[in-house]
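Use the sequences and the hints to build the structure in full.
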Amino acid sequence: MNNCINCGIEIPKNANYCPKCGAAQIDYFVKECKNDKVFDFLLHKILQIKLGEDYSNFFDNHVDYLEGEFSTQFSGLLNLISGTETAIKECKETLEILEMYNSIISSSQMLTDKKELDDEKIAFPGFDSIGETSYYQYACFFLKTLNCFKEVQKNLKKADLDSHCTTLSFYKDMLKKWNEIKADGISVYNMPEHVILELLKINI
183 MNNCINCGIE IPKNANYCPK CGAAQIDYFV KECKNDKVFD FLLHKILQIK LGEDYSNFFD
243 NHVDYLEGEF STQFSGLLNL ISGTETAIKE CKETLEILEM YNSIISSSQM LTDKKELDDE
303 KIAFPGFDSI GETSYYQYAC FFLKTLNCFK EVQKNLKKAD LDSHCTTLSF YKDMLKKWNE
363 IKADGISVYN MPEHVILELL KINI
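Counting from 183, one number per residue, gives the positions in the sequence shown under the working numbering.
Keep in mind that the hints were calculated from the coordinates and are not lab data. One or more of the hints may lead you astray.
Think about it this way: if two alpha-carbon atoms lie no more than 25 Å apart in a straight line, the pair counts; the simulated DSS-like pairs of lysine-lysine are [claimed, not checked]:
| id | residue 1 | residue 2 |
| --- | --- | --- |
| 1 | K202 | K340 |
| 2 | K340 | K274 |
| 3 | K274 | K339 |
| 4 | K274 | K202 |
What follows is the structure, given as structure tokens:
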């Protein structure tokens, strides 16, 4: 178990948000990141944006080199660094969706006598890479680059995370139900089977 960085209560090791106060466990992302080069890129990008003309040519060239590797795959993240409200909202929604599926999968794995749940039902469908591009990019970044949400990583419907159909509408409905479950005092990392099935039915 870990402790929430905001309220201090004990939370599951793989929790990215506190089930009590909802605070994002930022330390988790930093500790779990396995790709220092990506953070190097994002750090220099932040400096480039914040310092503007004061940013040296050396670092400009360095960012250009790294950007050739990452800007296409993570263009949505560059919008987030620039501070656009839409990008920040989409990133937060992606994190909430991934956290929800992490809790669904973790809860399912704790059940000893499952009757209707199986691996296919709890697998994360992903996002449409064409119609939901920024969400898809954020999900790829958190799952594949930062190596977060381990349970979701192990339970994907498609390895490339491309659902090839729109998913946001039912994810948002699922999030409403998931938040209601939390409000009822049910631990979202220890949900009974009937609650998980009720949540997943929105996705049918």
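Comparing the hints with the structure gives:
no., hint, in the structure
1, K202 <-> K340, "32 Å, violated"
2, K340 <-> K274, "22 Å, holds"
3, K274 <-> K339, "22 Å, holds"
4, K274 <-> K202, "18 Å, holds"
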